Amino acid sequence: MTPFSYHKPASVGEAVGLADVSSRFIAGGTNLVDLMKENVVRPERLIDITGLGLNGIQATANGGVLIGALVSNAELAWASVIEQHYPLLAEAILAGASPQLRNMASTGGNLLQRTRCYYFYDTGTPCNKREPGSGCPARTGLNRIHAILGASDACVATHPSDMCVALAALEAVVHVQGRAGKRQIPFADFHRLPGDAPERDNQLAADELITALELPPPTFEDHYRYLKIRDRASYAFALVSVAAGLNLNGGVIQDARLALGGVAHKPWRDPAVERTLIGQAPTQALFTQAADALLQGAEPLAHNGFKVPLAQRAIVRALSDAALGAKARGATS
Amino acid sequence: MSANSPQSGEAHPLRLTINGQARSLQVYPWTTLLDLLREQLDLIGTKKGCDHGQCGACTVLRDGKRVNACLTLAVMCDGADLVTIEGLAKGDELHPLQRAFITHDAFQCGYCTPGQICSAVGLAEEGRACTREAIREQMSGNLCRCGAYSNIIAAVEEALPLMRAKANLQGGPRA
Amino acid sequence: MNIKTAVVGTAMDRVDGVAKVTGQARYAGEYPQAGLLHGSVVSSTIARGRVLSIDTAQALSVPGVIAVLDHAHRPRISSYDDDYSDADSAEGTPFRPLFNDRVLYSGQPLALVVAQSLELARYAGSLVKVEYLEEPHETDLASVLDKTHPAPAETPAPRGDFTGQFANAAVQVDATYLTANEHHNPMEPHASTVLYQADGSLEIHDKTQGTQNCQDYLHKVFDLPKEKVRVLAAFVGGAFGSGLRPQYQLPLAVMAALHLQRSVRVTLTRQQMFTFGYRPRTQQRLRLGADSQGRLLAIAHDALGQTSRFEDFTEHLVEWSGMLYQCDNVALSYRLAPLDVYTPLDMRAPGAASGMIALECAMDELACAADIDPLELRRRNFAAINGNEGKPYSSKELLACYDQGAQRFGWGNRRPQPRSMRHGQQLVGWGMAGGVWEAMQMKASAKARIDGAGHLTVSSATTDIGTGTYTVMTQIAADAAGARVQDVTFVLGDSSLPTAPLQGGSFTVSSVGSAVRQACLALRSKVLAHARQHYPEVGKAPVEKITFADGYLQAGNHRLALADIVASAPEGFFEVQVEAAPSAKRKPFATATHCAVFVEVQVDEDLGSVKVTRVVSAVAAGRVVNPKTARSQILGGVIWGIGMALHEATQTDHRLGRILNHNLAEYHIPVNADSGEIEVIFVEEHDDIVNELGSKGVGEIGVVGVAAAVANAIYHATGKRVREFPITLDKLL
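Chains as they are written, first to last, in my numbering: chain E, 111 to 443; chain L, 482 to 656; chain C, 447 to 1179.
Just so you know, the hints here were simulated from the structure itself, not pulled from any lab data.
Remember, predicted model here, so these are calculated numbers, not experimental data.
Just to be clear, a hint being listed does not mean it is correct.
[Stated by the list, open to error] Below are the EDC-like pairs computed for lysine to aspartate or glutamate, each with C-alpha atoms no more than 20 Å apart in a straight line:
hint	chain 1	residue 1	chain 2	residue 2
1	C	Lys575	E	Glu241
2	C	Lys1166	E	Asp341
3	C	Lys1166	C	Asp1052
4	E	Lys118	L	Glu574
[Stated by the list, open to error] Chain L side only, calculated, beta carbon under 10 Å to chain E, not exhaustive:
hint	residue
5	His493
6	Ser505
7	Met557
8	Asp559
9	Ser600
10	Arg617
11	Glu618
12	Ala646
[What the hints assert, rightly or not] Simulated coverage check for chain L against chain E, where a stretch passes if three residues somewhere in it have a Cβ under 8 Å from a Cβ of chain E:
hint	stretch
13	602–616
14	632–645
All C-beta atoms in this analysis are idealised placements derived from N, C-alpha and C, irrespective of residue type, glycine included.
Just need the whole structure built from these sequences, with the hints factored in.
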């Protein structure tokens, strides 16, 4: 690791006052310390935010919940309010990483995970995300794990989070604070597509800190599914994942959400596709149509063509499982 | 000397408890908990298998929860209560998991073993693994290249009720 | 004298168990010393070319950095190939670390930064700037198929008439199988701690499977007298072959220690664990011809493996196809393709793990083509004679493996048609394969010493890489000497101990175990001779009535503690050292271990995901010294086979010539959730020819056949024959 200085502010104001392009906030450290060891990220200052007290999970006035940015992934997945009312989120979190990492990783930090692209991690190779302008060897190199949607000439990386896929489906809102004040960012706008600036994963300014995550009032409490497909049974990043939520009434879909992980630079979602499900009976044919629609415009690379049919089938499976209901499919969380 | 030379980052005071013993140390901010344990305190039972949170060999218990010491900066452990593999046995009396690991031959080379055992202690503390399948999933953050998984599961299955009984006796946390 | 086997054959707990579960066992990189320096390796980022310059100024300016070594700044090392060869060398010019400006592969060590702390060394390493003159490289086996040459291996000569018999065979299979590069990835990274002694000698803790191999290498490379180099390996955190050759961290650490006259430790990073030996990628064509009853008429196995430009690595890849089954017309060939990569290296069941994938998948294809149950097909082709050597097997209870494995698995309930078994949404498949590995024996020495307290210390320079050497040698020694196990200490992992071969090839029990047994028997004779002189009641007893057991000599009604007998000797101890060699009895026979593996998979056809739910492995390996540790070896082998079938592949960007999944997140080895229920059966097998213990070794046999059995089960589940390994889910969509 390149040496750096360490600061532990006592307030959010103090923390954002210390922050600029040469600093990083640290909480769980599960991704940042890893990247620093690889010399991918070399901050001059680390700002330890674990003393800021952003640890609570509270009910909001409109019936939702506000999750402090420092709540660990494990605490969040096992919080009774999440298990009971947002089981899609719990299922997604528990599909990710390992128990140890989930104990360490924070809610806010999960949003800021960086891609698992081999080239990004290996400073012995070029990478536009790591060193803007150096090139993207993945586009024509080893790209089995890369994006099929929303990629650019500059970057074909994917976002690695499981939790974020569920958060996208649940339409969470990200609360941030910077020197200029506080703002709230709808989840769909939080992460970016790479375009010609793949070094930027999201909309945060250098001095902005995620303080909390807000979930709207509970929905999809019974009809949900987070389906993750990976190269081994556990402790592996998603090749494709699907977060699906349905509200059913009298055999008719009242509301639907559908988000994909492992296929793009951000959780992939299209509300227009979700709307096509509303008012319909949950059938295989309907889900297949939705899957095809969501994957329209997919541009696979040399080694990841399989992700298109895989995502298609995973969407149908996840929606079908969701339609069946958690009790019927024997889900525990 | 460049601005980035180690001298520019000061050593920070660190107070923590390791295996029941209070320690007062000075650490550089870039020293991981794993390197602190292994290089400065000679607590080499905590292993470095990958140094990137991808194998679980460095698993220790921080305030009762299992974490990867390799991705934990020591400076951020101020006030923490740490238990490593060296802190599980009471004198010559092995922890039930240590005993079960021997009985079931749940290791071969032994390098992942301290991490496996600490991880299983954390798993018991969490109280979320009720079936063999759940134990397999929740022990999947600890790689074993010798392939001792079947025996690890047998050992954990045997030790869990013993730990539960012990915890109930002492009014400890659910296991 | 009667030799009781009180302990051999029992499921004793590991004698090093407590040390391992309490964190007290110290591995190579865990020996502290005040003032110890830390080395960090700087690796090449190009695959081929020359180093133009290495700029170390910035690294050296970091306070606490002591030195940077590179090819232009290092102590003198030998320039002769021979001096770099070792007990597991491949043919050619061994790699010489920091020798000159040539870059032979991506990841090659180019410099060593030595600093006061590990963190400083690594940080300073990131400041070293290397300039290269790049040259075009080739790293893709598939792109050099026209640039191959015969492997310098003693492949058995063709026998009979393959071409004619294959052409006329009623049933034919002609299939090509591809296997991937795989890295050993023991959990403990390679490390060497060189403790520089006041007299200039070196005490080295190294991660190795051969302490004397490393000692000899250092002696030659650095022109150091052997007595000035002691290599130790008390605990080895897995190796699986990665420690068969001295790896580069060892000469680099020694270079730094000699240069600075200080103690130095070099531990490789996980990424650097992908910068030396590995199981090589292969392309294998199998042709099988059989009559309508499935009897093999013709077998051809043509293999191509990758190697480096500087060495020709060979393994026993195709031999198995000429020896496992009865067949009179066999043609085997083996070629190599040199690439700009590091030389491959023996990796758990080298050759057999890969070669048997091809043979046993092809046998499954033959069974389908002939419409014969795959197990029945193998029974019909059982060979009592090794056709490659024309020698009968000393023992081969493979039929018992078939029977007992099949019974335990429930093979009789298998529906032959692919896609005919289901469990909910999952397709269920049952597949099987056979396995074989040679039962070798090497020369080995051991020393046994008993003291006046009755304590028996037995020693040999062998290692325990997790296989259980400490434990099984203790058992063998206790029985041979008539001692109690708690009175026995087995000492290993030290180049100054009696000579032992590399720990590999499943021959440690047969080689070192025989030496231990002989040493202890000789020691017992000495104790007896003394007892007969010293104690008249023993002297009078007929020899055949005298027994040694549990630390006592029993002669009729007289019972004497061994401790007392030894204490009464003039020197107060007895000591014997022996060298054991393979017996001439072995000569007329072929010797091998065998297994039959049965696998159940569940395949989610929509998503391509495969789960191995059940495995039964039935093994014939002669006498099992310790059923507990031996079972663990087989369990581990099965996990390796699952990894080989479904997960493991080292991925190279051939344009960059660089391995890119060089970490444990993207190089997938199985996790706990990937392991199904695994049962191990050791069938009875008596063999008094293979060695005096009748024990054949179990380190490799557990792997062999597993990957093929998984692939065959996947075929049975899905009707898809995937011939490219690993069978990742994309290949099943």
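Hints and how they fare:
Annotation: proposed proximity of Lys575/C to Glu241/E holds, straight-line Cα distance about 17 Å (limit 20 Å). Using a Cα cut-off of 20 Å, the hinted pair Lys1166/C and Asp341/E holds, with the two alpha carbons roughly 19 Å apart. Between Lys1166/C and Asp1052/C the CA atoms are separated by roughly 13 Å; this keeps the pair inside 20 Å, and the hint holds. Only pairs whose Cα atoms come within 20 Å are accepted, and Lys118/E paired with Glu574/L is rejected, the gap being roughly 41 Å.
Restraint check, His493/L versus chain E: the minimum CB separation of about 6 Å is within 10 Å; hint holds. Residue-level restraint check for Ser505/L is violated (minimum Cβ-Cβ distance to chain E is 18 Å; threshold 10 Å). A distance limit of 10 Å between C-beta atoms decides the matter here; for Met557/L the minimum to chain E is near 6 Å, and the interface restraint holds. Residue-level restraint check for Asp559/L holds (minimum Cβ-Cβ distance to chain E is 8 Å; threshold 10 Å).
For Ser600/L, the suggested interface contact is upheld, since its CB lies about 7 Å from the closest CB of chain E, less than 10 Å. A hinted interface residue such as Arg617/L counts as satisfied when its beta carbon comes closer than 10 Å to some beta carbon of chain E; here the least separation is about 8 Å, so the hint holds. Taking 10 Å as the C-beta contact cut-off toward chain E, the hint placing Glu618/L at the interface holds, the least distance being around 6 Å. For Ala646/L, the shortest C-beta to C-beta distance to chain E is roughly 23 Å, which exceeds 10 Å, and the interface hint is violated.
Against chain E, the stretch 602–616 of chain L contributes 4 residues with a C-beta closer than 8 Å to a partner C-beta. That satisfies the three-residue criterion, and the hint holds. Counting residues of the stretch 632–645 of chain L whose CB lies closer than 8 Å to any CB of chain E gives 0, which falls below the minimum of 3, so the coverage claim is violated.
Checked against the numbered hints above, the structure violates hints 4, 6, 12, 14; every other hint is satisfied.
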